[in-house]
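Note that the protein sequences, when read in sequence, are chains X and L.
Mapping of the first sequence onto the working numbering: residues 1 to 226, in sequence order.
Mapping of the second sequence onto the working numbering: residues 1 to 460, in sequence order.
If you're looking for bench data, these hints aren't it; they were derived computationally from the structure.
Cβ coordinates follow ideal geometry from the N, Cα and C atoms, glycine included.
Which chain L residues face chain X? A few, computed with CB under 10 Å, are given here:
{"hint": "1", "residue": "Gly63"}
{"hint": "2", "residue": "Phe72"}
{"hint": "3", "residue": "Leu73"}
{"hint": "4", "residue": "Ala217"}
{"hint": "5", "residue": "Pro222"}
{"hint": "6", "residue": "Gln227"}
{"hint": "7", "residue": "Pro231"}
{"hint": "8", "residue": "Leu234"}
{"hint": "9", "residue": "Arg422"}
{"hint": "10", "residue": "Leu444"}
{"hint": "11", "residue": "Ile447"}
{"hint": "12", "residue": "Asp456"}
Label-pair distances were calculated between CB atoms; the ranges are:
{"hint": "13", "chain 1": "L", "residue 1": "Pro103", "chain 2": "X", "residue 2": "Ser156", "range": "28 to 36 Å"}
{"hint": "14", "chain 1": "L", "residue 1": "Ile249", "chain 2": "X", "residue 2": "Gln219", "range": "31 to 39 Å"}
{"hint": "15", "chain 1": "L", "residue 1": "Ala418", "chain 2": "X", "residue 2": "Ser38", "range": "34 to 42 Å"}
{"hint": "16", "chain 1": "X", "residue 1": "Glu190", "chain 2": "L", "residue 2": "Phe162", "range": "47 to 55 Å"}
{"hint": "17", "chain 1": "L", "residue 1": "Pro414", "chain 2": "X", "residue 2": "Ser38", "range": "36 to 44 Å"}
{"hint": "18", "chain 1": "X", "residue 1": "Arg216", "chain 2": "L", "residue 2": "Leu55", "range": "23 to 31 Å"}
{"hint": "19", "chain 1": "L", "residue 1": "Arg78", "chain 2": "X", "residue 2": "Glu42", "range": "43 to 51 Å"}
{"hint": "20", "chain 1": "L", "residue 1": "Thr45", "chain 2": "X", "residue 2": "Gln219", "range": "50 to 58 Å"}
{"hint": "21", "chain 1": "X", "residue 1": "Ser38", "chain 2": "L", "residue 2": "Gly136", "range": "26 to 34 Å"}
{"hint": "22", "chain 1": "L", "residue 1": "Gln213", "chain 2": "X", "residue 2": "Asp114", "range": "36 to 44 Å"}
{"hint": "23", "chain 1": "X", "residue 1": "Arg223", "chain 2": "L", "residue 2": "Thr45", "range": "52 to 60 Å"}
{"hint": "24", "chain 1": "X", "residue 1": "Gln219", "chain 2": "L", "residue 2": "Pro49", "range": "42 to 50 Å"}
{"hint": "25", "chain 1": "L", "residue 1": "Phe162", "chain 2": "X", "residue 2": "Thr46", "range": "35 to 43 Å"}
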Amino acid sequence: MATTTLPKPARRWARAPFYFNTASHLLRIGRQRADNLSQLLEGLRTCPEDSIFQHTFRTLAEHHFIREGFSNDFAHFAFAACNEVGLAERLASVDVREYTSLEALRNRIVGIVDEYLKKNPRSGERAALEPFYFCASDTVVIPTTAVARNLEEFASCLENISVHSIHYHFIEARLRLKLNSNDFSVWLDEELGLGTLADRLNRIDIYTSTLNDVRRTIQSIIRGAL
Amino acid sequence: MAEKKERTMTKTPAGGNGNTTTQATTTAAPPSERRQRPRPKISQTPPAPPPPPRLDDYEPIVGRPELDELRFLAQRLRGKTVKMVNSTAVGGGVAEILNRLIPLMNELEVPTKWEVITGGNDFFEVTKGFHNALHGGEYNVTKEVLEIFMMYNEQNRQRMSFDEDLFVIHDPQPVGLIKSRQNTRGKWIWRCHIDLSNPHPDVWGFLRPIVDQYDAAIFSSPSFARQLEIPQYLFFPCIDPLSEKNKDIDESFVQKVCEDFGIDRKRPIITQISRFDRLKDPVGVIQAYKMVKKYVDCQLVLAGGGATDDPEGAVVLQEVMDEAGDDPDIIILNLPPWSALEINALQRASTIIVQKSLKEGFGLTVTEGLWKGKPVVGGAVGGIPTQIVHKLTGVLVHSVEGCAYQIRYLLTHPEFAAELGRNGKEHVKENFLMTSNVKRWLLLYQIMLGMTQPMDPQAK
Numbered sequence: 001m002a003t004t005t006l007p008k009p010a011r012r013w014a015r016a017p018f019y020f021n022t023a024s025h026l027l028r029i030g031r032q033r034a035d036n037l038s039q040l041l042e043g044l045r046t047c048p049e050d051s052i053f054q055h056t057f058r059t060l061a062e063h064h065f066i067r068e069g070f071s072n073d074f075a076h077f078a079f080a081a082c083n084e085v086g087l088a089e090r091l092a093s094v095d096v097r098e099y100t101s102l103e104a105l106r107n108r109i110v111g112i113v114d115e116y117l118k119k120n121p122r123s124g125e126r127a128a129l130e131p132f133y134f135c136a137s138d139t140v141v142i143p144t145t146a147v148a149r150n151l152e153e154f155a156s157c158l159e160n161i162s163v164h165s166i167h168y169h170f171i172e173a174r175l176r177l178k179l180n181s182n183d184f185s186v187w188l189d190e191e192l193g194l195g196t197l198a199d200r201l202n203r204i205d206i207y208t209s210t211l212n213d214v215r216r217t218i219q220s221i222i223r224g225a226l
Numbered sequence: 001m002a003e004k005k006e007r008t009m010t011k012t013p014a015g016g017n018g019n020t021t022t023q024a025t026t027t028a029a030p031p032s033e034r035r036q037r038p039r040p041k042i043s044q045t046p047p048a049p050p051p052p053p054r055l056d057d058y059e060p061i062v063g064r065p066e067l068d069e070l071r072f073l074a075q076r077l078r079g080k081t082v083k084m085v086n087s088t089a090v091g092g093g094v095a096e097i098l099n100r101l102i103p104l105m106n107e108l109e110v111p112t113k114w115e116v117i118t119g120g121n122d123f124f125e126v127t128k129g130f131h132n133a134l135h136g137g138e139y140n141v142t143k144e145v146l147e148i149f150m151m152y153n154e155q156n157r158q159r160m161s162f163d164e165d166l167f168v169i170h171d172p173q174p175v176g177l178i179k180s181r182q183n184t185r186g187k188w189i190w191r192c193h194i195d196l197s198n199p200h201p202d203v204w205g206f207l208r209p210i211v212d213q214y215d216a217a218i219f220s221s222p223s224f225a226r227q228l229e230i231p232q233y234l235f236f237p238c239i240d241p242l243s244e245k246n247k248d249i250d251e252s253f254v255q256k257v258c259e260d261f262g263i264d265r266k267r268p269i270i271t272q273i274s275r276f277d278r279l280k281d282p283v284g285v286i287q288a289y290k291m292v293k294k295y296v297d298c299q300l301v302l303a304g305g306g307a308t309d310d311p312e313g314a315v316v317l318q319e320v321m322d323e324a325g326d327d328p329d330i331i332i333l334n335l336p337p338w339s340a341l342e343i344n345a346l347q348r349a350s351t352i353i354v355q356k357s358l359k360e361g362f363g364l365t366v367t368e369g370l371w372k373g374k375p376v377v378g379g380a381v382g383g384i385p386t387q388i389v390h391k392l393t394g395v396l397v398h399s400v401e402g403c404a405y406q407i408r409y410l411l412t413h414p415e416f417a418a419e420l421g422r423n424g425k426e427h428v429k430e431n432f433l434m435t436s437n438v439k440r441w442l443l444l445y446q447i448m449l450g451m452t453q454p455m456d457p458q459a460k
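From just these sequences and the hints, can you work out the full model?
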């Protein structure tokens with residue numbers, strides 16, 4: 001019986017190349033603000049989805065150089081402006097990569113704040129040191145010149161793209177894909193048949209790494225497969 | 001009887017280059033073993049301005065991908081023209097930013113013209129009154145005042161042409177130019193650099209209907225904004241990493257500046273750079289330093305300007321001198337406006353940068369300190385918390401005691417201080433550099449002109 005074996009990962013060619021994009025964002029100031037946690041909860045329920053995106057996904061990119069202690073703006077507000085450490089911890093534990101829609105992410109955050117205020121009703125009306133301003137961002141996707149047709153080219157491109165490109169493909173992507181995955185993993189799996197490698201990439205912890213750490217970890221995993 | 005001290009600022013020749021220096025002299029009768037306060041040598045001659053940098057000069061700082069993004073965004077705007085209008089060509093933060101921004105925009109082939117409105121003393125008296133009133137000060141808004149404001153706006157409007165695709169009007173002074181909107185094809189943007197969080201109701205009541213005629217407004221912080229009918233965008237103020245105040249400088253120059261100013265680099269240096277203004281709380285900084293000094297042998301540098309041409313600045317400087325007493329480790333420098341390189345050197349020589357403001361705009365001295373990779377202790381006011389994420393990119397304080405404690409902690413935990421410095425520098429690189437500002441403008445132009453639809457992050 002004839003058997004076919006796939007070529008080694010380094011020799012496989014993708015049918016569809018990976019085109020690296022990046023995204024630029026312009027911050028818009030929203031109409032809502034919160035001077036305490038009750039107002040934050042109300043704002044969370046009614047703000048546009050792009051505000052949820054800004055204060056979770058985007059703010060992670062804006063603080064991409066911090067390894068620990070910064071997760072999203074809502075957690076930071078609970079900690080720094082409201083001195084509600086327990087609430088801050090719970091909000092900080094929300095991993096945006098578990099959500100493939102902003103509505104689901106919003107519901108989770110609303111649920112945490114709502115539950116906390118039910119248990120700690122006096123915390124809701126206590127004035128925050130600083131108000132929380134709901135913002136949003138307008139995003140423009142920008143193509144880059146980086147294109148990969150095989151694993152080696154992919155590794156080489158990773159060296160030269162910006163951290164914003166990594167954020168766009170590795171973190172924001174799941175909102176587009178509606179999958180608990182990312183653009184890199186999907187391409188490696190579908191185009192190069194490297195499902196195990198794709199899974200390893202998807203397990204990288206973005207909350208204990210900077211985006212440059214993420215880049216280095218991806219490179220290390222890819223180089224190991226070459 | 002307490003020692004009586006008398007301090008004067010005197011000018012003395014400095015070397016053979018024709019420059020003069022100002023020396024702060026202290027005449028007192030200190031005990032013989034007491035060290036004298038250092039006599040700083042301060043340049044009295046402004047240096048020639050360097051040429052503005054080119055885009056490629058930023059590559060070692062922000063990287064090629066960042067510049068490629070700018071070029072891509074600019075390419076889409078080819079053929080579109082921009083006019084920016086403000087009220088002064090020199091002096092002040094707006095002119096400083098435009099002097100850098102406009103050459104870069106033109107290099108990116110987004111032709112950008114900069115025009116300055118003109119007006120008589122009566123106009124600028126009114127606009128100064130407006131400025132103070134918009135910051136919450138008292139002002140008597142009379143019919144005459146409003147007529148003067150609108151008359152000069154109308155004169156400038158008649159003088160200028162409005163043929164561009166985009167008009168960016170900076171601050172309230174030229175806001176009335178929007179009247180030309182009906183005769184133009186372009187989009188109009190109002191860039192407000194000032195804090196409107198607590199404006200005089202009559203002044204804002206007059207300006208708001210004018211501002212609402214624009215297509216968009218830009219503020220430096222969400223807290224500075226007002227409720228408006230038009231979209232509002234957030235542009236952080238920025239620093240230019242290639243300016244005299246922020247560019248890399250030789251260690252030998254840093255050393256020379258410290259020697260000139262009598263600063264001992266073998267001991268920790270705590271520095272606050274800001275004009276002598278009570279809102280910057282220089283006296284509070286000295287009080288914090290005194291608390292620290294009980295535990296750590298350190299020096300305090302208070303460097304700023306504004307005490308020569310501003311009567312109130314001179315009073316505050318005297319209060320600072322009084323609080324400093326005869327401590328030779330407190331170095332007070334009243335610097336002239338052309339001291340950017342010296343300030344750069346002072347920041348780089350510092351162990352810790354302090355900006356213990358009681359009220360603040362955005363606080364660009366914080367940005368400058370963070371850019372130099374220094375741990376920064378900042379008052380939790382104005383735009384400082386935007387820059388300092390507490391214990392991640394610096395530390396925020398609310399009191400003299402808090403300031404003293406945080407300085408002590410940073411001096412005794414240098415690894416933590418270094419980590420704050422590293423994070424702070426990255427924060428500036430990501431959000432508060434001139435290149436980020438250029439990108440924001442390019443994005444806004446595209447959005448305003450309908451050349452690109454902002455992407456829905458959930459759309460495939």
